[in-house]
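**Q** Model the full structure from these sequences, guided by the hints.
Protein chains in written order, with the working numbering: chain A, 35 to 427; chain B, 161 to 706.
Hints are supplied without guarantee of correctness; some may be wrong.
DSBU-like mimics (lysine-lysine), calculated; alpha carbons at most 30 Å apart, straight line [stated by the list, open to error]: (1) A:K307 with B:K300; (2) A:K270 with B:K665; (3) B:K577 with A:K307; (4) A:K322 with B:K580; (5) B:K322 with B:K300; (6) B:K667 with A:K77; (7) B:K665 with A:K311; (8) A:K275 with B:K667; (9) A:K311 with A:K202; (10) A:K322 with B:K591; (11) B:K468 with A:K423; (12) B:K591 with B:K580; (13) A:K311 with B:K322.
Chain A side only, calculated, beta carbon under 10 Å to chain B, not exhaustive [what the hints assert, rightly or not]: (14) L134; (15) L249; (16) H281; (17) Y291; (18) L292; (19) V299; (20) V301.
No lab work stands behind these hints: they were computed from the structure. All C-beta atoms, glycine included, are put in the ideal place defined by N, C-alpha and C.
Below, each chain spelled out in residue letters.
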Amino acid sequence: MSYLDLVQPTAGDRLAVRALKATARFLEDRIRLVSLVDFLASKPVPHDLNWAYTLGSVCLFLLANQIVTGVLLALYYRPAISEAYESVRHIEEEVTCGWLVRQLHAWGANLMILALCFHMARVLWYGSYKKPREINWLIGVGLLLATLTFGFTGYLLPWDQLSYWASKVGTEIPGALPVIGSVLVKVMRGGEEITGATVGRFYTLHTLVLPGIVLGLVFLHLAIMRYHGITALPGKEHSRKVPFFPHHVMKDAISIYLTLAVLYVLVVVSPWKLHEKADALVTPEGVKPEWYFLWMYQFIKYFPQQIGFMSGKVVGIVLSSGVFGLLALAPVLDFGEGRLIQQRKLFMSLALAVLLGVLSLTVLGYICERDISLLGTTIHFDIKGFPEKVTGK
Amino acid sequence: MKLVSQHHILLSCSLLMAFSTAPVLASQPEKPAPKTALSAAPSNSVSSAAKGPSTTAADPAAEAKFLAKMGSCAECHADNATIFQKSVHGSDGIACVDCHGGDSSVEVAEEAHAATKGFVGKPSRRDVPAFCAKCHSDAKRMANTGLPTDQYEQYKNSFHGKKVLVEGDSNAAVCTDCHGTHDILSKKNPLARTYRANIPATCDRCHGDDAKMNAYAIPTDQFKKWKQSFHGRAVLEKHDLSAAICTDCHGKHDIVNPEDAHSRVHHLSIVKTCTRCHADAELMKRHNLSAAIPADYVAGIHGIALLKRGITAAPACTNCHGNHGALPPGVKQVAMVCGRCHMRSEEFYNKSPHRQAKGFRGCIECHRNHRIAEPGSWLFSSACERCHPGDSPASARGKALAETFDRAVFTLEQAAKEVKDAAGYGFSMEKLEAVVEEGRQARVEVVPALHTLDPREADRFAEKATDILKTVQQGVQQIRIRILMRAGSLGMVLIVIMGIVFVFKLKIDRLHHEEEEEAALRAANGASAGEPPAEPAAADKTNGLS
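**A** Right, here's the structure in full:
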């Protein structure tokens, strides 16, 4: 007996199918929902898509996780500096499963950004943004920026020492820009300093403005994807097609469940700690932004105070922001028609160089101003991430 | 000429009269001064202490020289000239015009006082420091006098200087208030305001004046207290000029507010200031005092707290001994002195059997005075045995008390360790930390209570410590349960997810299997019918619901 016989439909399966069909008929008669689902689910996809093609669905799942857990958190969170920290502590300690909801939200945000990066790397690697999908790529870049802003605005909300100081450092960066810098900082913070006004602004952005933007962009992204279909693997454009459901959906589901497993492991094994309440008079040591902004934060450090008539910081900000510009312009820069790597050597070399740069800066940003012990030797890394003092063996 | 000669005769007469009454005139400031220590000091003690001004009045040649130097100034300002002649400036050959400008060679006042001749007249109080500094900041002029030239710079940064020069407060002291004007004498002259024994009275002229000091909220009883102090009595009664006077602690031209960190009498500097004299073995020997006291204080708990840890609540010398009225506290006053800060300890000590014990010197009997070691239960063994034999009931009682206390402290440390270890689990420890803090507070409270030597105090503390440890252990246990539940939920979630993934994987494999079979069938059909294989599955025609 083959193991496949194990999944032969049972009486229960048949009953479920009948119930589903009855529900589908009911809905179809009234709102033609089944036709819509049918339209979406029946889209043919290449049969040989690999697991990297499930990353988009993983992102979608993580977005759903953020929305659900975010709504639950909003039931208890109070966006005022006198209450924000206490309300998060209340969620963690008093609310039933509050810790789980908060941790799923906090880790989900990180995984979502990671999944987005991998998803975009897959699109870059296979050249999936090429004609006619350039606009969808641009929407994807917009989604990345919106998600990063989501992370930035959400980070301040617990109002603990780390969130306060990381947000202070983060909001100071645009201040170096000429003319608009100070205005920009004032608008972001709602004043000169990070106060209750900043929490109010960030909360509004985080819960009202950004969700609208992201959901709108996701809808557009999916609609365009449905219109053009999923790109085949490079060089296999004419491979056999299979329906999106159940063939690809099954794969997506497996990736989503595995992501859920990773998420839950992180939530239980390494929960996000709520530090001491924010105190504007006590600066904790080694304040750094979140990992996804570390490369920008580190990059700016290597610029001198002044470069010609411009501030070094401004040059750093402009150049690091240029990475997003390069991403957005990928369809233009990678102008050839071929999607195979060997047909896009120049562009892929540039993309790999930028990626390596970002990764290296992230590592340097992580190790800087830290003592790292390895095999009995402790190395202190200075502000630029260079080893400064070695102690031990 | 005739008029001038008459003036000279009159001046000569007045100078002779003035000389005969010189001590009286010299000791009289411009304003009537309060009675000073000077008047109480016997003349032989002070006259031997310093050399008087070199007067030229008795010598006709010198007098003639002086009059020549005065020029026409002495004709109108005979009184000032008389006083000035005996001053340190007059005897050094300095003329009126050297300070006031003008022309002493002419006899008409308007001409002598002409601005074109550099006449500045009497400077305002605000201008006095700069007026004096014209010479006293000039290194060349001061070269042969042995005087420093930084007084003006010091004064400018001083409390007095800032008041006068920056705030324009003419009440604050200027040079002439302490040194005099035309009657300035060498500080070695026992008649001088700046003679060591006279300095406290000089300072008191302003600092004893309620009307003046009220504006600055400065008390006016310092001189009174100083006179009664060990230092004051040494200077005034024993004529011992080595004892401390105002300027030894506060400085001279550079006096700053005691609140100022640069002040010699700032709380953090006072030990250093007292040490300047009190560590001088030779000097202390004369007063039958130990020169090791400052070193003992520095090595003691108070010295470490104040000087090494910067805890400004810790006492310096003056907190126990007083400042202007500095006296060593007597046997009866020791507990009161310590009790100023250690109020609770004093309260409980007063209930102890030691309070009534004859000859018991209070706090210092167990704790010592200057080299006070960190208190602890060890005191009950080492300190008790200083008076009570090791096998006496009193000694045994002390040891039992110490044991109970130590056991309770150990229990609290255990509770703190449990909380610290559990903090690594990532849960909020705020509530349990508050419980541990409660224990620390209980420890702080029981230490003064142990001065009663009542074992019930230690027992109560031990009970409290045990309760705290129990509460902490329960709290930590709850955290461990929550961790186990989370770990359990993780295991269950992972099993369910893996099960679902396995089923989905089977479904995918089955779909592939069916597709392969279908493809093979199509290929076989196509081959038998001689037709090309059919197009791949028209996916749009199928969907998951069909």
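**Q** It remains to establish, for every hint, whether it holds in the given structure.
**A** Hint-by-hint comparison with the structure:
For a cut-off of 30 Å, the pair hint linking K307 (chain A) to K300 (chain B) is broken: about 72 Å separates their Cα positions. For the proposed pair K270 (chain A) and K665 (chain B), the alpha carbon gap of about 24 Å is at most 30 Å, so the pair holds. For the hint pairing K577 (chain B) with K307 (chain A), the CA-to-CA distance comes to about 20 Å; that is within 30 Å, so the pair holds. Between K322 (chain A) and K580 (chain B), the direct Cα distance comes to roughly 26 Å. Compliance with the 30 Å bound is thereby established for this hinted pair.
Distance hint between K322 (chain B) and K300 (chain B) is fulfilled; the C-alpha atoms sit about 27 Å from each other, no more than 30 Å. Note on K667 (chain B) and K77 (chain A): the hinted pairing holds, with a Cα-Cα distance of about 19 Å set against a maximum of 30 Å. Distance hint between K665 (chain B) and K311 (chain A) is unfulfilled; the C-alpha atoms sit about 47 Å from each other, more than 30 Å. With a CA separation close to 18 Å, the supplied pair K275 (chain A) and K667 (chain B) stays within the 30 Å bound.
Only pairs whose Cα atoms come within 30 Å are accepted, and K311 (chain A) paired with K202 (chain A) is accepted, the gap being roughly 15 Å. About 29 Å separates the Cα atoms of K322 (chain A) and K591 (chain B), which keeps this hinted pair within 30 Å; it holds. Only pairs whose Cα atoms come within 30 Å are accepted, and K468 (chain B) paired with K423 (chain A) is accepted, the gap being roughly 29 Å. For the given pair, K591 (chain B) sits about 13 Å from K580 (chain B) by alpha-carbon distance, which is consistent with the 30 Å threshold.
The suggested pairing of K311 (chain A) with K322 (chain B) is violated, with an alpha-carbon distance near 44 Å, which exceeds 30 Å. Hint status for L134 (chain A): holds, given a least beta-carbon distance of 8 Å to chain B, under 10 Å. Residue-level restraint check for L249 (chain A) is violated (minimum Cβ-Cβ distance to chain B is 25 Å; threshold 10 Å). Interface hint status for H281 (chain A): upheld, as the beta-carbon distance to the closest one in chain B is roughly 6 Å, under 10 Å.
Against a cut-off of 10 Å between C-beta atoms, the interface hint on Y291 (chain A) holds, since the closest Cβ of chain B lies about 5 Å away. Interface hint at L292 (chain A): satisfied, since its Cβ lies 7 Å from the closest Cβ of chain B, which is below the 10 Å cut-off. Evaluation of the V299 (chain A) hint against chain B yields a held restraint, the C-beta minimum of about 7 Å falling below 10 Å. Checking V301 (chain A) against chain B by beta carbon gives a least distance of about 8 Å; that is within 10 Å, so the hint holds.
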